[in-house]
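Quick note, the sequences are listed as chains L and V, same order.
Counted from 1, the first sequence has number 87 at position 87 by the working numbering; the numbering is strictly sequential.
Take any residue in the second sequence, count from 1 to its spot, add 116: that is its number in the working numbering.
Calculated directly from the structure, the hints in this document are not laboratory data.
Since we're looking at a predicted model, the values are computed, not measured.
Errors might be hidden in some of the hints.
[Unchecked claim] Quick list of in silico lysine-lysine cross-link-like pairs, DSS-like style, CA-CA up to 27 Å:
id: 1; chain 1: L; residue 1: Lys-64; chain 2: L; residue 2: Lys-4
id: 2; chain 1: V; residue 1: Lys-119; chain 2: L; residue 2: Lys-74
id: 3; chain 1: V; residue 1: Lys-119; chain 2: V; residue 2: Lys-338
id: 4; chain 1: V; residue 1: Lys-420; chain 2: L; residue 2: Lys-4
id: 5; chain 1: V; residue 1: Lys-420; chain 2: V; residue 2: Lys-430
id: 6; chain 1: V; residue 1: Lys-338; chain 2: L; residue 2: Lys-4
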Amino acid sequence: MEPKGWRDIPIGGMILEAGNSVEYLTGGWRAFRPVFGEADCIHCMQCWLFCPDSSILVDPENEKMIGFDLEHCKGCGICAAICPVNAKVIRKAGEELARDDARLCIRIVEEGKFQE
Amino acid sequence: MSKFEALAGNEAVATAMRQINPDVVAAYPITPQTSTVQKFADFVADGLVDTEFVTVESEHSAMSACVGASAAGARVMTATSANGLALMWEIVYIAASNRCPIAMSLVNRALSAPINIHCDHSDVMGMRDSGWIILFSENGQEAYDNLFQAVRIGEHPDVLLPVAVCQDGFITSHGMERVEIYDDADVKEFVGEYRPQWSLLDLENPKTYGPLDFYDYYYEHKRQQVEAMEHAQQVIVDVAEEFNKKFNRNYGLFERYRLEDAEVAVVAANSTAGTAKVVVDQLRDEGLKVGLLKPRVFRPFPAKELASALSHLKAVAVMDRSISFGAMDNAGPLFLELAAALALHGVQVPMADYVYGLGGRDISPGEIESVYRDMLRVAEGGQVERMVTYLSVRE
């Protein structure tokens, strides 16, 4: 998008269009990425509720959590931290797990090092 | 019908605020502004205004509340002095940058330290680059009149900037004078209703004020503020014209007092201009061609017009009630800017700066006369002996 001149933008940095942050692709900020692990998602929607960037993709018809919007996800890892399935997996393992442990439901892996 | 009342400058300002009946006032008491807000609080308690009066815990909060209320679409006013203004600092810039047309009564007082509650202009001179429009007032009447105009100027769609109206702490803020108070209905008609274009309370059209703004657009928003300042000068003239017609006054960018045929002049703002007029009359009685230029509009600085108004003179003395420490010759800010304006507009007049009255030090007619006599010597072919004189400081 060609940047606009000072005559063509609202004064004072005002944003007059609600919800236009969807146009701002923040995925490039990401150093870590959320991916699905082995544990089955129970579609509790906790990650959807807590994601600060509305980057959890859901299928509203079937009420399923279906993935991550990587154009906007900044990789903060809140989805993994809040995931109750992750908590269960960690409890079951009886030890501290790395954030990218394959046994988790939502894993946080380093950008560029993960192979789909 | 207007009526004449004996009022201190602060009471006149509080009366103006009552007549403007702003939606929101947020202020914190500080000497010598206090009696303005105290009197206005009486008006609120007595039900004479519809204002939401926000009592806050500091000036930083006062200005923050003003910005929020203004963004919500309210007509907003505040009042402060010196250290209070300094504590507002961060939000003073935000008010201008967020384009909030807040009107402020600024009762000029010396900044600490050493702590001092009396008049000088170090407080307002600090805010000169903040993006506010700044008006000076010689006396209570002008502080009263300027406040109505401040509301109209700031809220003009081509401007949308906050406006500070200055008067001298204690000298005029607490000095009782004859003030013409206009009819409430006439004031109401003049200030009109504020119809904000972008209100946060307009729920049908949600919007955001003050978001993050990086290297990609911040600069463009600063450029817009320049444009607003450029428009402001004409708006100030237009609003003054309308005001003058309605209330029989004579406001403009500045006042010329016996200046047209003068050979030497003093430039002095706020109450000192009043004292200087007496001196001008006395010297004129002696047949000396002296005059006065009293700046009213300091931001935007009407450089071209000032240069033109002073171009016929043989010597000009600028009186500065503050020091720009470490600036050229440690001069005062009014001198520095005026000297630059004259030089860049091709006006070659010998100039000198007289710093005076810091921390409320009295400025007497005799001292102003000595300034005129210095300038008369320069006009007769003498040299400017010192670029900057610290008038009546003890050696």
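Are the Cα atoms of Lys-119(V) and Lys-74(L) separated by 27 Å or less?
-> Since the Cα atoms of Lys-119(V) and Lys-74(L) sit roughly 66 Å apart, the hinted pair is violated (cutoff 27 Å).
Hey, Lys-420(V) versus Lys-430(V), does the alpha-carbon distance stay inside 27 Å?
-> holds, 18 Å
27 Å Cα cutoff - pair Lys-119(V), Lys-338(V) = violated, 44 Å
Mind checking the alpha carbons of Lys-64(L) and Lys-4(L) for me, to see if they're no more than 27 Å apart?
-> Not OK: Lys-64(L) and Lys-4(L) at ~40 Å, beyond 27 Å, violated.
Given the hint that Lys-338(V) pairs with Lys-4(L), does the C-alpha gap stay at or below 27 Å?
-> holds, 14 Å
27 Å Cα cutoff - pair Lys-420(V), Lys-4(L) = violated, 32 Å
This entry does not satisfy hints 1, 2, 3 and 4, going by the numbered hints stated previously.
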